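Q: Using the hints provided, position chain B relative to the given structure of chain A.
Protein chains: 2
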Amino acid sequence: MSGLEWIVDAHGCSPDRLRDRAALQAVFARMIEELGLHPCGDAQWHQFAPEGGITGVSVLSESHLACHSFPEHGTLCLNLFCCAPRADWDFERQLARLVGAQRVFIRRLERRYQDPAMSTALVSDAAAGAAGE
Amino acid sequence: MSGLEWIVDAHGCSPDRLRDRAALQAVFARMIEELGLHPCGDAQWHQFAPEGGITGVSVLSESHLACHSFPEHGTLCLNLFCCAPRADWDFERQLARLVGAQRVFIRRLERRYQDPAMSTALVSDAAAGAAGE
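Line by line, the protein sequences give chains A and B.
Each residue of the first sequence is one higher than the one before, counting from 1 in our numbering.
Each residue of the second sequence is one higher than the one before, counting from 1 in our numbering.
For reference, chain A alone in the conformation it holds in the complex (with noise of 0.2 Å):
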């Protein structure tokens, strides 16, 4: 039995924003719905001074949603690992949406909970640029 993880850097993000909390929680709120995901109460929140980036983790029963943002790159960090395999969620398409990403770097990784041998097995590296819309 294995769960998957999405390691996702998006750049070029709208530093504003990444700035706003509501933007973030938007991301978070459109992935649990259209991945269908179980958020097990309240997602944390914290900014880091009141212009400064937002860190976001919520615990799933899938597994864990994070996110990270830097708003002085224009970065938007995000890690969700799900511990049964699922489809992909268009990661291009709505962080160029949500926070104007422009290019979104997409790692997938096998968490192989149960045969050791092949849980570091890297099940895919793809980088590719979010078209903007």
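Because the hints were derived from the structure by calculation, they are not lab data.
Source: prediction; values computed, not measured.
Glycine residues also receive a C-beta, built at the ideal position from the N, C-alpha and C atoms.
Misleading hints may appear alongside valid ones.
Restraint ranges, calculated between C-beta atoms of paired labels, are given here [claimed, not checked]:
#1 A:Phe48 / B:Glu34: 31 to 37 Å
#2 A:Arg93 / B:Asp16: 43 to 49 Å
#3 B:Arg30 / A:Asp88: 20 to 26 Å
#4 B:Arg86 / A:Asp88: 30 to 36 Å
#5 B:Ala29 / A:Gly41: 18 to 24 Å
A: Relative to the frame of chain A, chain B by itself:
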């Protein structure tokens, strides 16, 4: 500028310790102390059924720390994301001591939040057998 994320899957752990929130809190506490991490508030913990797996997430000044335990498989999955590089923790030895891990697989990913050209670099992909103590 870049951060580092450690993705650690520890196998052959004690199922009893993986069901014990205090044991997992001790893993977080040890990492926080020895790596000089700074939690932003309390970690969030969730246990799936009375004897089930446990998820913990902690927002850090350095980014975040997360764990998921699978007592039915003897596996503990950890993520540590630090927005600034730092020395490795001795995951093998510490997880052997704290949760009885027999095999610890470590992937260390660069998360470059400034230079997108480097964002997908896989820094290392190491597997090491943890020496039981």
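Q: Kindly indicate which numbered hints from before are broken by the structure, ordering the numbers from low to high.
A: Numbers 1 and 3, in rising order.
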